[in-house]
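All chains, full assembly: derive it from the sequences and hints.
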Amino acid sequence: MKSKTMKIAFLLLLPALAAVLFACAHTQSIAAWHPVEVSYPAMCSDCHTDYRAAMNHTSDFYTTHKFYAAQGTQNCTVCHNDSFCSDCHAHKEELKPSDKYKDSPERSLPHRGDYLNQHKIDGNINPASCFPCHGRQNNERCKECHR
Amino acid sequence: MKIGFILSLVLSALLLLPEISPAVSLSGDSATYVSSRQASDGTRELPLYEYLNFKTENLGSQNITFYFGGWLRYDLNNNEVFGKDKNSDLQYAYLSYRSTEANRVLNLGRVMVFEGVAAERVDGAYARTDLKGGFGVSAFGGVPVETNIDLPGNNSEYGARVSHQIPGVYTIGLSYLKEEKNSEDFREEEGVDLWFRPINKVEIIGKSSYNKITSGWMQHTYNLLLGPFEKLRFNTEYSSTNYKDFFTGATSSAFTFQPGGPIDPNEKVSILGETVSYAFTGGLSASVNYKSYNYDIAGNATYYSGIARYASAKSWGAGASIGRMAGDVERLKYTEYRVYGYSKFGKVDATLDYLLVNYDEAINLVHAAHSVTLAAAYELTEKLKVGADVEYSENPDFNRDVRTFFKLTYSFDFAYGKKGGV
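From first to last, the protein sequence lines are chains R and V.
This note's numbering numbers the first residue of the first sequence as 1 and each following residue consecutively.
This note's numbering numbers the first residue of the second sequence as 1001 and each following residue consecutively.
Simulated from the structure, these hints should not be mistaken for laboratory data.
Fair warning: there could be bad hints in the mix.
[Stated by the list, open to error] Derived contacts from chain V toward chain R, CB cut-off under 8 Å, selection only: (1) Asn1079; (2) Gly1141; (3) Glu1190; (4) Asp1193; (5) Phe1196; (6) Thr1281; (7) Tyr1340; (8) Ser1343; (9) Ala1377; (10) Asp1389; (11) Asn1395.
Every residue gets a Cβ at the ideal spot worked out from N, C-alpha and C, and that includes glycine.
Next up, the structure:
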């Protein structure tokens, strides 16, 4: 009961607080869509000199993009549709991203080649890297063996 | 049931809108795949997939857009694939209001949320806005979209993130989420996320997450990015994970570790890595990577690799890499190699990709796993493309495995009303 009351209070309080505060904010929103076509790989610092320059899509951006997304997906959606994210971050999925895009070998896509055997090794080394995608979503295939 | 609820929510919202704008546009992609592969029982599976994603803009207002992404599958040989004769999934479907001021966003439907500790999907609502003085706030709530969720009790999830930033210098966020499954507490997490750029060419980014249920830090993960100095960049990575606190709230037994099993439930790992990259002139780049895995219980491991890549402006590219995993146990000792190339000749794309993994200790009496893929595609029109690939592999689980994959992709972009039809 207490938990439910806390939950309701939290849900009511937060938007109310936000409504009061944001009435004062009149900053310009980030563009809904990038006004200029960007070539692959996107090197934001070619044009931007402010904080956006940090989002250069260098080869290691594959490992750091989660931090940028956790702080502001509005920067991502300037160039990417949700389908770009859900290609890998899927709820239920039967096809590996690397199977759908075999014609893009330059892209950093997980699980190339035979991953059935390799996942046993990778899973031992760092299971925390599997968990964000397969912990609560996209694990129906895992359950075929991990019952 | 849930999908029906979302669609009725979205359709109701559409009906409540003022008359449809005279410049409604519909754009998206359709991808049709047919995969051929041999199942473990010797039968050949031939699943047909249709992936559809689209967005409908200017629904009554320039600020309102509807997004949809989903797929369905049917096996043309009438076999069961992954235990089901047909399958489908709604990845996302939501109505979005986006203001031209303060980055205000309100999404309703099946939404994806990436905010601090939250990397979730919920059937519900997500909202964010900038506040005065560099502050920002976001909140979400609804029914979690997860596997194993059809439980009789209450299933709900909600969370929020408050942030502050000085653009170009730092962004710091505090976030919280709580999930209740089957009327019981399932997850309760708090976190801090940071992006800090004290001086030009120096950047620290990362986050820490805390499990309120187990009262322990789940994970700290941070990167120090330096450069570019001329064409040289450094990326130092550090992470620390407590398995007991991190692997809670899983819906798969793959993450339920038992004492005496291959992974100890009380394991702790810290990973320290360094990547040095150099961009030569003319599309050539190279990087070397070193990563050290230090476990409290299991034996340690070290991974190092080197990669070289070339990409011409538009017509072709190639890459090669070699990596070595050196663990304390034989199972974690292997060397991996990869070579790939792709080229575009007019309307034809061709790709060749080869991977080889040599195990120090044989697995199922096999010392190496390798696969070679040949792919080709033809651009029928600017928006319509057809392609196929064949993959041959030999590995500890499959001997001479051949898989083929056919795909047809179509991009569409229709505008109605003032903009003129297609």
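These are the hints, each one checked on the structure:
Checking Asn1079 (chain V) against chain R: minimum C-beta separation of about 13 Å lies over 8 Å; hint violated. A least Cβ separation of about 6 Å between Gly1141 (chain V) and chain R falls short of the 8 Å threshold, and the interface hint therefore holds. Interface restraint check: Glu1190 (chain V) against chain R, minimum CB-CB distance 14 Å, threshold 8 Å, status violated. With its C-beta approaching chain R no nearer than about 5 Å, Asp1193 (chain V) sits inside the 8 Å limit, and its interface hint holds.
For Phe1196 (chain V), the shortest C-beta to C-beta distance to chain R is roughly 11 Å, which exceeds 8 Å, and the interface hint is violated. At its closest, the beta carbon of Thr1281 (chain V) sits 14 Å from a beta carbon of chain R; the interface hint therefore is violated under the 8 Å criterion. Given the 8 Å rule on beta carbons, the hint for Tyr1340 (chain V) holds: about 4 Å separates it from the nearest Cβ of chain R. At its closest, the beta carbon of Ser1343 (chain V) sits 11 Å from a beta carbon of chain R; the interface hint therefore is violated under the 8 Å criterion.
With its C-beta approaching chain R no nearer than about 5 Å, Ala1377 (chain V) sits inside the 8 Å limit, and its interface hint holds. Because the beta carbon of Asp1389 (chain V) sits about 5 Å from the nearest beta carbon in chain R, less than 8 Å, this interface hint is met. Evaluation of the Asn1395 (chain V) hint against chain R yields a held restraint, the C-beta minimum of about 4 Å falling below 8 Å.
Consistency note: the structure conflicts with the earlier hints numbered 1, 3, 5, 6 and 8.
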